[in-house]
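Following the hints, position chain B against chain A.
Sequences listed follow chains A and B, in order.
For the first sequence, the residue numbers in our numbering are 52 to 396.
For the second sequence, the residue numbers in our numbering are 52 to 396.
Hint data in this document are derived by calculation from the structure and do not stem from the laboratory.
All values derive from a computational prediction rather than experimental measurement.
Heads up, some of the hints might be wrong.
No distinction is drawn between identical chains; accordingly, a pair holds when it is met within one copy or between any pair of copies.
[Unchecked claim] Derived SDA-like pairs: lysine to any residue, alpha-carbon spacing no greater than 20 Å straight-line: (1) K215 / T86; (2) K215 / G91; (3) K342 / R156; (4) K159 / D118; (5) K59 / V121; (6) K59 / T120; (7) K215 / T99; (8) K159 / K342.
Protein chains: 2
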Amino acid sequence: MYPFTDIKKESIASLGESGLIRALRRWLGKSSPRTPFGIGDDCAVLPTQTGRGLLTVDPVIYGEHFDDTVSPRSAGAKLFKRNLSDIAAMGGTPRAAVVALAFERRVKIEWLSEFYRGLAENSRNYNVPLVGGDVAQLPTGIVATLTLFGESTGRRILTRVGAKPGDAIYVTGTLGGSRRRHHWSFSPRLHEGAWLAQQNEVRSMMDVSDGLAKDIHALVPAKACPALIAEWIPVSRDALHASRTSGRPALAHALSDGEDYELLFTLAKSASASSFESRWRQAFPRLKLSKVGQIVSSSAFQKESNRFVDLNTYRGFEHLVESKSPVARSRSAPTAKKSQAGKKA
Amino acid sequence: MYPFTDIKKESIASLGESGLIRALRRWLGKSSPRTPFGIGDDCAVLPTQTGRGLLTVDPVIYGEHFDDTVSPRSAGAKLFKRNLSDIAAMGGTPRAAVVALAFERRVKIEWLSEFYRGLAENSRNYNVPLVGGDVAQLPTGIVATLTLFGESTGRRILTRVGAKPGDAIYVTGTLGGSRRRHHWSFSPRLHEGAWLAQQNEVRSMMDVSDGLAKDIHALVPAKACPALIAEWIPVSRDALHASRTSGRPALAHALSDGEDYELLFTLAKSASASSFESRWRQAFPRLKLSKVGQIVSSSAFQKESNRFVDLNTYRGFEHLVESKSPVARSRSAPTAKKSQAGKKA
Numbered sequence: 052m053y054p055f056t057d058i059k060k061e062s063i064a065s066l067g068e069s070g071l072i073r074a075l076r077r078w079l080g081k082s083s084p085r086t087p088f089g090i091g092d093d094c095a096v097l098p099t100q101t102g103r104g105l106l107t108v109d110p111v112i113y114g115e116h117f118d119d120t121v122s123p124r125s126a127g128a129k130l131f132k133r134n135l136s137d138i139a140a141m142g143g144t145p146r147a148a149v150v151a152l153a154f155e156r157r158v159k160i161e162w163l164s165e166f167y168r169g170l171a172e173n174s175r176n177y178n179v180p181l182v183g184g185d186v187a188q189l190p191t192g193i194v195a196t197l198t199l200f201g202e203s204t205g206r207r208i209l210t211r212v213g214a215k216p217g218d219a220i221y222v223t224g225t226l227g228g229s230r231r232r233h234h235w236s237f238s239p240r241l242h243e244g245a246w247l248a249q250q251n252e253v254r255s256m257m258d259v260s261d262g263l264a265k266d267i268h269a270l271v272p273a274k275a276c277p278a279l280i281a282e283w284i285p286v287s288r289d290a291l292h293a294s295r296t297s298g299r300p301a302l303a304h305a306l307s308d309g310e311d312y313e314l315l316f317t318l319a320k321s322a323s324a325s326s327f328e329s330r331w332r333q334a335f336p337r338l339k340l341s342k343v344g345q346i347v348s349s350s351a352f353q354k355e356s357n358r359f360v361d362l363n364t365y366r367g368f369e370h371l372v373e374s375k376s377p378v379a380r381s382r383s384a385p386t387a388k389k390s391q392a393g394k395k396a
Numbered sequence: 052m053y054p055f056t057d058i059k060k061e062s063i064a065s066l067g068e069s070g071l072i073r074a075l076r077r078w079l080g081k082s083s084p085r086t087p088f089g090i091g092d093d094c095a096v097l098p099t100q101t102g103r104g105l106l107t108v109d110p111v112i113y114g115e116h117f118d119d120t121v122s123p124r125s126a127g128a129k130l131f132k133r134n135l136s137d138i139a140a141m142g143g144t145p146r147a148a149v150v151a152l153a154f155e156r157r158v159k160i161e162w163l164s165e166f167y168r169g170l171a172e173n174s175r176n177y178n179v180p181l182v183g184g185d186v187a188q189l190p191t192g193i194v195a196t197l198t199l200f201g202e203s204t205g206r207r208i209l210t211r212v213g214a215k216p217g218d219a220i221y222v223t224g225t226l227g228g229s230r231r232r233h234h235w236s237f238s239p240r241l242h243e244g245a246w247l248a249q250q251n252e253v254r255s256m257m258d259v260s261d262g263l264a265k266d267i268h269a270l271v272p273a274k275a276c277p278a279l280i281a282e283w284i285p286v287s288r289d290a291l292h293a294s295r296t297s298g299r300p301a302l303a304h305a306l307s308d309g310e311d312y313e314l315l316f317t318l319a320k321s322a323s324a325s326s327f328e329s330r331w332r333q334a335f336p337r338l339k340l341s342k343v344g345q346i347v348s349s350s351a352f353q354k355e356s357n358r359f360v361d362l363n364t365y366r367g368f369e370h371l372v373e374s375k376s377p378v379a380r381s382r383s384a385p386t387a388k389k390s391q392a393g394k395k396a
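For reference, chain A alone in the conformation it holds in the complex:
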């Protein structure tokens, strides 16, 4: 949907400030608890927590993460879910969200209401109240920024640090071709992340947002390398589909398309892989789990490097340095790469 209109009565400019706030509350419905636990005070008061607190923030931007071909409900849903995926990546439980929306006055009421319904649906589905936020005027465009507060589910938070040479590398689900549908339809791996954080033999974890080939480096300690076996990479049907159009191998799509929102983690060398995999299958019988390789020392990697995936071939997208004008990019349908405009700082 094209988000803007020059017909004033169809734009948020016609609502006035208090009218807009009332409308937002109505669109959110029960997703926003009563003040002070929801919208309406200087801060939101968070639910009582028992675990360690977690905080993450990610935006969706018109012309970067979505465009006119995307339903506003999908854009709102994605904003919520990409943040949920970050909480999942630590093994945490999401507790509350705040959203800061900046948009020009020409935004359609209809667009905004659908966007908020996309937020509200996910707020209900994942039981994460939208407790507050801010709306501000922007000279042109739309930027929606969601911050998610969460907490550790059990005793342990799984970070990106902890893998050692000899540890196995695993990934959930299948990879690649996300732009076809998965980057809108994915389910953040919250249950799986929480379960993995409870398995002591799991050493480190993250979610796959920029593609396995790029993201895996974040789990690899100094003087080590990720030794990935091409045949073990779980290539998605959508990656096969993308391959037919692009002419590139499906493996290339699986490794570098990004926006998979799957979990990538390492299992301690000392652990029994078969016992771990069997417990996984009991807990999550319907979600594929794949061992994709191993962390090895740099010297060991050099000796047998021809056995492993050459990750230099599949370098991820370099954010913020692309030569094409972002405005020009925004006029075509968003691709997975376009949607990767963000980078954790």
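Frame of chain A, contents of chain B only:
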């Protein structure tokens, strides 16, 4: 400073993604703790907390809250401080911040480094680590959104709800003329807010961001009115200065300029005002405290309405409905009103 450049080596486009992340870490220095308590993982792990959690979010936007006449350091400082003021308004203590930055590739490295230094300085001054964030590309402009996590300082959180007819209305500091300097130079009232939350006779509180005349309504319960006495309003020197230029009464500036970032609160009818005021003077000898009026029942207000400030005369700025083009507005120096582009949702 004009934030953009077409000379590539001076723009963030020349840094590349990993170069930019390294630069951000360098600019933040000790303001960002080591991962997982700082930048570098899927979420930031928050410091251990003992109180009730608080969450607030506010942006600064190029062309709305700042423009080319403003130093990037001031813009970064304001982003941090306007969020701190929201924590102060609940009597809370700020604990950690995350910042989501969206900007076009033409942003100058120099501009961004100064903006981050503005954030880092306030992070150190207020002992609030910058624990994470996100950088993303925007078709045009700059939007910086900061989310602040805090916790209750003592047992009590002061919300906007709780005032009753008969309660006195107080405000800290002086009001009006903020656009001259105060909206950049203000100090968030964190100590004062925390102290006020410990005084049981204080019933409700907020910060003054849109002007007393508009904000006071948020503290007034149903079937009651704010009875403000004109002579009691603490008019700032900057309001007097603004009055000489605008030709409007200084009182009008004090009531409606906004961006005062002072605390507005109500004291229970049953409390001893003189004892409370004396304790205030002991705790904060240098910060003016003014009783500005009383919450009264609607019927009592009608009977003596000519004694009180007619707040309809001083209605605040209607956000998001202004008829002038926001782009046109951005070309002149920002005024307090322009800076009020945001509204708590």
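Structure-based check of all given hints:
1. K215 / T86: Between copies only: 18 Å across, 47 Å inside.
2. K215 / G91: For K215 and G91, the Cα distance is within 20 Å only across copies (18 Å; inside one copy 48 Å).
3. K342 / R156: For K342 and R156, the Cα distance exceeds 20 Å both inside one copy (50 Å) and across copies (38 Å).
4. K159 / D118: The answer is within: 14 Å in one copy meets 20 Å, while 27 Å across copies does not.
5. K59 / V121: neither (23 Å within a copy, 32 Å between copies)
6. K59 / T120: neither (23 Å within a copy, 32 Å between copies)
7. K215 / T99: neither (36 Å within a copy, 28 Å between copies)
8. K159 / K342: neither (47 Å within a copy, 44 Å between copies)
The structure shown violates the earlier hints numbered 3, 5, 6, 7 and 8.
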